[in-house]
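Below, each chain spelled out in residue letters.
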Amino acid sequence: MIFLRLFLTYIKIGLFNFGGGYAMLSFIRHEVVDRHGWIGSQEFTDIVAVSQTTPGPIGINSATYVGYAAAVNAGYSPAMGVLGSAVATIAVCLPSFVLVLAVSRCYAAFRGNRHVEAAFAGLRPATVGLIAAAALMLMNADNFVDGKSIALFAAAFALSWRFKLHPIAIIALAALAGILLY
Amino acid sequence: MYLSLFLTFLRIGAFTVGGGYAMLPLIEREAVGRKWMSREEFVDLLAVAQAMPGIFAVNIAIFIGYRLKKTAGSMVCCLAAVLPSFLMILAIALFFTQVKDNVWVSKMFRGIRPAVVALIAVPCLSAARTVGISRQTAVIPVAAALLIWAVGISPVYIVLSAAAGGWLYFRLKGRL
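Protein sequence lines correspond, in order, to chains A and B. Position 20 of the first sequence, counted from 1, bears residue number 20 in my numbering, the numbering being contiguous throughout. Position 105 of the second sequence, counted from 1, bears residue number 105 in my numbering, the numbering being contiguous throughout.
One chain only, chain B, in its complex shape (with noise of 0.2 Å):
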């Protein structure tokens, strides 16, 4: 069990390129299709993880293991999906401080560097579009944004003052 643990999630951690919710019809497949639990039990599980701080193919995997093989499971199953991507960006990491001054290397990420801004401009966007942004609560991404970015504040606070803003609204509002 524990190997079949460990295989299926290396799978997962070394077939996904693009981050952590190109990983999910994968998992889905593994665990609903192995019947490690039901369809609904799946959806419960992703909901939870999403809320919960960290990355999220990792807590998929931890929380996956935890609930099939307890503590054991679950660091089996973190260990199998971080493995790939550790070792490849190691073997990058050793290789690229090499060759980042050689030309052509560096005429590429002259190209890549603004495409690269580009791709996170877009699931800005699109995040905005399934938060359900709207011209009352567009306030407070762009004033998030300007804190971080103009003002230079650390995210941190503003992860903690959105949660604590969004608890105090519905507080006063009458609705907690």
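Okay, chain A solo, but in the shape it has when bound (with noise of 0.2 Å):
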């Protein structure tokens, strides 16, 4: 049952992500492409596009759209779409809706506190190697068709790291790029 296995992979997604929207790419990936084949990676890569020019979180932009592909590519109507797209975004929410009340309740017991610090210290560094390997993950055949592609990777690499170009700036760039280059 498709819902449901959404449901419980975007609570799973939900629960394990530490270290904001790029971190959680790697772990979104790992399930609905490599794990559950709910859609392909190109399709991933143009998510994760769309997100970033479409307003909202990475997450809750995924979560919408992957319950939306992964319920119409499994052979429903694209009404029941809807439905995917509600369930995996409800889920994503929800264990930080428990969290957020529960660390409410005991605020002052978890802030500050040692034993949760340094877990932290811990999980820092790591956030770091989540997001690396979302973008070793999308440099594959799928992303990188030929000498162009790596040209844009290096342009639009230069453009936001040294420039600070907004990153819908970017793609709209990038886009133009493609239209003229293919």
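Certain hints may be false.
To be verified - The calculated lysine-lysine pairs, modelled on DSSO-like cross-linking and capped at a C-alpha distance of 30 Å, are:
hint: 1; chain 1: A; residue 1: 164; chain 2: A; residue 2: 148
hint: 2; chain 1: A; residue 1: 12; chain 2: B; residue 2: 107
hint: 3; chain 1: B; residue 1: 107; chain 2: A; residue 2: 164
hint: 4; chain 1: B; residue 1: 70; chain 2: A; residue 2: 12
hint: 5; chain 1: B; residue 1: 69; chain 2: B; residue 2: 35
hint: 6; chain 1: B; residue 1: 69; chain 2: B; residue 2: 100
hint: 7; chain 1: A; residue 1: 148; chain 2: B; residue 2: 100
hint: 8; chain 1: B; residue 1: 107; chain 2: A; residue 2: 148
To be verified - According to the in silico footprint, chain A covers these stretches of chain B (three or more CB under 8 Å from chain A):
hint: 9; stretch: 3-11
hint: 10; stretch: 32-44
To be verified - Facing chain B, according to a computed beta carbon distance under 7 Å, are these residues of chain A, among others:
hint: 11; residue: 48
hint: 12; residue: 60
hint: 13; residue: 68
hint: 14; residue: 85
hint: 15; residue: 93
hint: 16; residue: 94
hint: 17; residue: 98
hint: 18; residue: 121
hint: 19; residue: 152
hint: 20; residue: 169
hint: 21; residue: 172
hint: 22; residue: 175
Hints listed in this document are in silico derivations from the structure and should not be mistaken for laboratory results. All values reported here derive from a predicted model rather than from experimental measurement. Glycine residues also receive a C-beta, built at the ideal position from the N, C-alpha and C atoms.
Mind docking these for me? Both chains are given alone in their own frames, and the hints should help you get the complex.
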């Protein structure tokens, strides 16, 4: 049952996501592309691009899109796809809900707790690794079709890192370059 | 009050492009500016929201909602923060599945895909800088990335073992 699997998978994604949207990507990809095959590798990259150009957190955007695509790719109607969207989006928020309510009640005990701090000292550097894994997983033949792809990667990297150009501007330029080059 | 919370977070959800951190200044302006809480309280809340799993912006919305109007308030804020992106992505999903085989769209995405990879590589480097990765600690992110990417280990285990490793390290050093 696709809806139950979507629900459980996105609960897991919501629960184990530390370190923000980009760290979440390697996680989401592992689950929805490698493990369940709900969407293809290229489609995943496309969703990330769409997420970066639309409002809202990447975690929500991907849940909404994958929920829809997974249901439709499994042979359900678009209306059931909307249900898949809702299921995945609610599931990704649910752990936050339970945890925030729990923490709000024992706020003082959690904040500044040495055991919690120590665990986070280990988690923070690992988060960098999670983001790196997301980038490495996307460096594949689906996304890099030829030498022009590598040039586009280098140009986008330089524009973002050196010139701090906004991601939307970079994606718009890359789309334009795609039309001109291919 | 519920309506004002709902509209505030709806606006925040609709107008912030580029992830949770882009939402921060907006949320701060609303929460502190409307005297929902003091600046110190807001900063404390951020630290806790950041330390928790889940989507940062959603955590903050739930926190503020709970602080002001308990469970009902947190539901209102969460729903409002999520709704704009949900509706927009849904519209795109319905539309994108129709146009993705269009020749122009496929050309555009052929250009966009490598750029997206660069847009993930950059925050990886800036996160490394923020966290303060040194020569000694560099082994942690490198090992984590390789285990996920090359070995195919689920990130769940990386997160769990990194947290356990951090705790164990301080324990063995006698600081816990």
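Hint check, failures only: 2, 6, 9, 10, 16, 17, 20 and 21
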